[in-house]
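Residue numbers (our numbering), protein chains in the order written: chain C, 1 to 282; chain Z, 1 to 425.
Rather than coming from a laboratory, the hints here were simulated on the basis of the structure.
Watch out, some of these pointers could steer you wrong.
[Stated by the list, open to error] Simulated crosslink set (DSSO-like; lysine-lysine; CA at most 27 Å straight-line):
no., chain 1, residue 1, chain 2, residue 2
1, C, 226, Z, 173
2, C, 226, Z, 72
3, Z, 323, C, 226
4, C, 227, Z, 44
5, C, 227, Z, 72
6, Z, 323, Z, 44
7, C, 226, Z, 60
8, C, 227, Z, 60
[Unchecked claim] Only some residues are given here: those of chain C computed to face chain Z with a beta carbon under 8 Å:
no., residue
9, 45
10, 48
11, 265
Each residue gets a CB set at the ideal place from its N, CA and C atoms; glycine is no exception.
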Amino acid sequence: MTRKKKKQIHEIIMYIILILVGFLMIFPLIWMFFASFKSNEEIYGSISLLPQSFSWEAFVNGWQGIGGNTYTRFFANSALLVLPTTLLTVVSSTLVAYGFARFEFRGKKPAFALLLSTLMLPNAILVIPRYSIFRSLGVLDSYMPFYLLAAFACYPFFTYMLIQFFRGIPRELDESAYIDGCGTFRTLVHILLPILKPAMFSAGLFQFLWTYNDYFNSIIYINSVKKFTVSMALRLTMDSETVVIWKNVMAMSCLAVLPVVVLFFFCQKYFVDGIATTGLKG
Amino acid sequence: MSFKRTMAAVLSVAMLAGMTIAASAQEQVTLRFSWWGGDERHEKTLAVIDAFEAANPNIKIEPEYSSFDGYKEKKTTEFASQTAPDIFQIETGSGPEYYKNGVLYNISETDFDFSNFDPYFLEMNGQFGSGSQYALPTGMAGSALIVNKTLADEIGIDLTQPYDWEYFFELGKKVREYDPECYLLSANTQYGTAFFIRAWMRQVNGLPIMSDDYTLNVTEEQFAECFDYIRRLYEEEVCAPASYKAPYGDQDQEDPNWIAGKYVADVGYTSSTNVLKAANPDVDYIAGQMPLREDRKSDGWFNDCPQFIGIYVNTEHPAEAAKFLDFFYNTEEAAAILGTCRSVPPTAMAQEVCEREGVMDALSREAVDVSLQYNGESDGGLTTCAEVTSILEDAYENVSYGAMSPEDAAAEVVSLLNDFIDMNK
Numbered sequence: 001m002t003r004k005k006k007k008q009i010h011e012i013i014m015y016i017i018l019i020l021v022g023f024l025m026i027f028p029l030i031w032m033f034f035a036s037f038k039s040n041e042e043i044y045g046s047i048s049l050l051p052q053s054f055s056w057e058a059f060v061n062g063w064q065g066i067g068g069n070t071y072t073r074f075f076a077n078s079a080l081l082v083l084p085t086t087l088l089t090v091v092s093s094t095l096v097a098y099g100f101a102r103f104e105f106r107g108k109k110p111a112f113a114l115l116l117s118t119l120m121l122p123n124a125i126l127v128i129p130r131y132s133i134f135r136s137l138g139v140l141d142s143y144m145p146f147y148l149l150a151a152f153a154c155y156p157f158f159t160y161m162l163i164q165f166f167r168g169i170p171r172e173l174d175e176s177a178y179i180d181g182c183g184t185f186r187t188l189v190h191i192l193l194p195i196l197k198p199a200m201f202s203a204g205l206f207q208f209l210w211t212y213n214d215y216f217n218s219i220i221y222i223n224s225v226k227k228f229t230v231s232m233a234l235r236l237t238m239d240s241e242t243v244v245i246w247k248n249v250m251a252m253s254c255l256a257v258l259p260v261v262v263l264f265f266f267c268q269k270y271f272v273d274g275i276a277t278t279g280l281k282g
Numbered sequence: 001m002s003f004k005r006t007m008a009a010v011l012s013v014a015m016l017a018g019m020t021i022a023a024s025a026q027e028q029v030t031l032r033f034s035w036w037g038g039d040e041r042h043e044k045t046l047a048v049i050d051a052f053e054a055a056n057p058n059i060k061i062e063p064e065y066s067s068f069d070g071y072k073e074k075k076t077t078e079f080a081s082q083t084a085p086d087i088f089q090i091e092t093g094s095g096p097e098y099y100k101n102g103v104l105y106n107i108s109e110t111d112f113d114f115s116n117f118d119p120y121f122l123e124m125n126g127q128f129g130s131g132s133q134y135a136l137p138t139g140m141a142g143s144a145l146i147v148n149k150t151l152a153d154e155i156g157i158d159l160t161q162p163y164d165w166e167y168f169f170e171l172g173k174k175v176r177e178y179d180p181e182c183y184l185l186s187a188n189t190q191y192g193t194a195f196f197i198r199a200w201m202r203q204v205n206g207l208p209i210m211s212d213d214y215t216l217n218v219t220e221e222q223f224a225e226c227f228d229y230i231r232r233l234y235e236e237e238v239c240a241p242a243s244y245k246a247p248y249g250d251q252d253q254e255d256p257n258w259i260a261g262k263y264v265a266d267v268g269y270t271s272s273t274n275v276l277k278a279a280n281p282d283v284d285y286i287a288g289q290m291p292l293r294e295d296r297k298s299d300g301w302f303n304d305c306p307q308f309i310g311i312y313v314n315t316e317h318p319a320e321a322a323k324f325l326d327f328f329y330n331t332e333e334a335a336a337i338l339g340t341c342r343s344v345p346p347t348a349m350a351q352e353v354c355e356r357e358g359v360m361d362a363l364s365r366e367a368v369d370v371s372l373q374y375n376g377e378s379d380g381g382l383t384t385c386a387e388v389t390s391i392l393e394d395a396y397e398n399v400s401y402g403a404m405s406p407e408d409a410a411a412e413v414v415s416l417l418n419d420f421i422d423m424n425k
């Protein structure tokens, strides 16, 4: 057997394993998709993956939502909540991280310790104090609580992650920029940001995912159903004392995961880059 | 000249402002009303709100509905920062806690008309021993045994006559002999705790497990006896194995064996009859009688409500909130719209309307009727508060999984309950 052939067989085996594992991973999604064509009896009573018949009824009915609030509104709300939040998080976290990583100022160490300690506070502890603050500001039942947190870098995880990336970028780059006449801000924008791109992308992607999927914070800050996001809307119909028409829920869940799945396929490179690289190249 | 002109401008602005104030003295009031539920309850409650707004154009109800997930957490946050909605639905077990924390408005002080309600039912549900109504029961409910009559008849099991707790073992054996795939009871941890621990203890002592003055009314031996009974339920295969039931939580209707009709009866509540029936509509159902001890101090079983609705103590418009509740509870129009979306309605008037309109669910009605014949009293209070409930549920799980002997579990429960008393008293 030639070496080439050996390699080929090796590759085939690898691919078979990868496909099997991949299928296992994606199976719940496939099941969910087909479940949107099944009646409740079929979902519970049969183990067959394929439904007895195909009809888009569940998608149409599910989209109607409840009480005049359709999923058009819920998706628009999600976009309105998630996109600005993600953008603001990336911008604010980058600025704060830049400050911590590159500048010496009085109180830097205690401030950094404070940042790290907030990283360790569980969400449950923050809920009530934050809620009280937002109530005093009069911004409850709107998306402002999310925007404000994002705009003032209140997500220490991302700030910390970006600080680590900054530290990996050699200072010589900044110095040569200064010599060429760049100010601190232009150094950040023109020299450091291109290198930082993978890290910022991964921060943005994670923030997008987490905010999009978040249920608890949304339900705490938002009261009006007309401001509900998709993740909240999906729970609206589920109650232990009501007969849930699962195919409607499944159909809407399929649509709800679509943005995330699409995003993942388009930004795969950044997901992996962001995790694997240290931002230092060449 | 310019002074006069300025003066004129100022005065006319003042006059305009005055007019606006006079116009708003007609008072456009907005009330927030929050509840949890599923599709049906949302649609029907929204329809009642529409009807109310049509009849009262100056009051607008802002609906805030969701599922039960996160509902209690949200209320806790809202109470802490005084932003709770004017009107809200309350979980039965949380009622006493909310009353004690002073977040409920005294409805007796409003113009709400109580005459459609049975006074004793009101006293037991929503007064919390105060003599005034702080919350209104949304319906009638209670523990229930939903029996798959088709299967019970096939095996020759009769649960329509009074019986004692030991009877379950006899029947359980009969079921296992008839078909090794079948079990007598489908019981989950949450409902099982209410059924086999709390109701049992009410029969033994005629008292709740813990009184509201933090007295523990149950001895370690009594707990051990009760836990031994639960151990036997699982060891002698009367109940389906705890590990099998665990993934379904309290959603017994999602258990494939329930859907396939493999259980003779489900341990649950009157309010879950609809979903249980819908999960396997091909067989007949009845509401079974409940087990009774020979030496009982009380029947233990009682009829209470599936939820309350209350008014927030800090509301700015208690009169309007009461007006809405009056419409919600006391008009035939609302009763016809709501039907049984919050269990069998609490007033005779609404029940009649439901019967007449054909929206009354016969099985729910039957289950409620069964629960009405017992003389037990609700143990709502410390016994049903979140911490005590989780202590009891842990014990139920430990025993039903066979992870702990009844004696050890009893010792642990007593010590944990005493810790709870020391911490809170």
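We went through each hint and held it up to the structure:
With a C-alpha separation of about 54 Å, the suggested pair residue 226 of chain C and residue 173 of chain Z falls outside the 27 Å cut-off, and the hint is violated. Of the supplied pair hints, the one linking residue 226 of chain C and residue 72 of chain Z holds, its CA atoms being roughly 21 Å apart against a limit of 27 Å. Between residue 323 of chain Z and residue 226 of chain C the alpha-carbon distance is near 25 Å, which keeps this suggested pair within the 27 Å criterion. Of the supplied pair hints, the one linking residue 227 of chain C and residue 44 of chain Z holds, its CA atoms being roughly 21 Å apart against a limit of 27 Å.
Distance check on the hinted pair: residue 227 of chain C and residue 72 of chain Z sit about 20 Å apart at the alpha-carbon level, within 27 Å; holds. This hinted pair checks out: residue 323 of chain Z and residue 44 of chain Z have alpha carbons roughly 19 Å apart, not beyond 27 Å. Among the hinted pairs, residue 226 of chain C with residue 60 of chain Z is consistent with the structure: their alpha-carbon atoms are about 16 Å apart, no more than 27 Å. Our distance criterion of 27 Å between C-alpha atoms is met by residue 227 of chain C and residue 60 of chain Z, whose separation comes to about 18 Å.
Hint status for residue 45 of chain C: holds, given a least beta-carbon distance of 6 Å to chain Z, under 8 Å. With a cut of 8 Å, the hint placing residue 48 of chain C at the interface with chain Z is violated, because the nearest CB-to-CB distance is about 14 Å. Against a cut-off of 8 Å between C-beta atoms, the interface hint on residue 265 of chain C is violated, since the closest Cβ of chain Z lies about 30 Å away.
Violated hints, listed in ascending order, are 1, 10, 11; each of the other numbered hints is respected by the structure.
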